[in-house]
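A.B. asks: As given, the protein sequences belong to chains A and B, one line each in that order.
So the first sequence is numbered by the numbering used here: it starts at 3 and just counts up by one.
So the second sequence is numbered by the numbering used here: it starts at 912 and just counts up by one.
By construction, these hints were calculated from the structure, which means they are not laboratory data.
Cut-off 20 Å, straight-line C-alpha distance, at most; resulting in silico cross-link-like pairs (SDA-like, lysine to any residue):
| hint | chain 1 | residue 1 | chain 2 | residue 2 |
| --- | --- | --- | --- | --- |
| 1 | B | Lys-1055 | A | Pro-70 |
| 2 | B | Lys-1055 | A | Val-69 |
| 3 | B | Lys-1055 | A | Tyr-67 |
| 4 | A | Lys-31 | B | Ser-1013 |
| 5 | B | Lys-968 | B | Gly-1088 |
| 6 | B | Lys-1097 | B | His-1139 |
| 7 | A | Lys-46 | B | Val-1015 |
| 8 | B | Lys-1000 | B | Ala-946 |
| 9 | B | Lys-968 | B | Thr-1174 |
| 10 | A | Lys-73 | A | Glu-59 |
| 11 | A | Lys-46 | B | Ala-1051 |
| 12 | A | Lys-46 | B | Asp-1031 |
| 13 | B | Lys-1097 | B | Gln-1153 |
| 14 | B | Lys-1061 | A | Ser-68 |
| 15 | B | Lys-1134 | A | Asn-66 |
Since the model is a prediction, treat every value here as computed from it, not as a measurement.
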Amino acid sequence: MQRLSAFSVCLLLVTSTLSSAQQLPTVNKDLVVRGVPIGQVFEKFRPQLAAYFREIEAEGDYPNYSVPPAKAFEQ
Amino acid sequence: MLRILGSLASAIAFSATTFTAIAQDGGTAGAVAAATGGSAPGGIFLRTRSPTLPLLKNLRFDPLARAVSTDDWTYILPVSSAKAAEIMKVVANQDFLAADVSTVGDAALFGLPRNGEVADRMLIADLILGDIAKGYGYFAPIYKTAEGYKPRQYNPTGRQQFAVFFVFASQGWQVDGGRLVSKVEKLEVVQTPTIRQPDGTRRFDFDALKRNIQDDAIAENAKHILAHEDYYRRERAVRDMQSFADVAQLARELRQQSVNVATLISP
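Using the sequences and the hints given, assemble the complete structure.
C.D. replies: Here it is as structure tokens:
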């Protein structure tokens, strides 16, 4: 019974971690403005943006973001 | 055929005249047009001004302190030595730095090394500020604009196309307790009518520029950015643009006094 409870707690933790990660908003990768695939233009710079977001998130220097930007961006 | 050639010749003559007029008007668009030969009128533009530092006495660079010093002052580089070296190498040959994300997602870099740290950071600043200025909203789900502002969306399929450039510069120097410090120039956000080229790059639309045609959405968004300049300067990529502009200004000052800025700093 105790073993089952421990398993349930672990399962609950994993599920809640996954669901909270899924709840982070992310950038508009598929953004289309009047038929123009604008998101694709930004996505061409994904490696540079990812590196930048990792840098500012690691140093806690992202006052203008509503969420940790690297975690949100890399979803 | 002759008529077509005649029209083409007139068009070229018109563009050349207008280009010269714009380049000579002393305005920001003129400075960018002159520097870039009329191309890539969007993105980040780091402008330098005429040198003002007095004669340098005993110039040296201390890599450990990341400091450029003379007998009169010490300037602590606001960026890594590697980035400063990249900037100085470019300013050895020209008075500006520019980077522009084109409409097809390529980048025009004007002498900056592709894949260099400086170019990368300039493109990031262009993407973030440009997204707000054109109101596209790529970053909107994770980015907080000042006072919750909702940018107006620019129409990229409109009859007249526009580019936006963000100009950073150093306003002047002051020596404070032996430290040379740059005074920050106010940010400029300038929109320019453009003509898209077949390769995705853009050129000034001189005719539209002469008629002072503007895009209302960009004008409103630019006004917002300028009214909240301090807020947007909290973004690291934007702060870095000011640091790059300051180093570029120093490079121009040193170059003016015959310093070989391309080799002064070794990372």
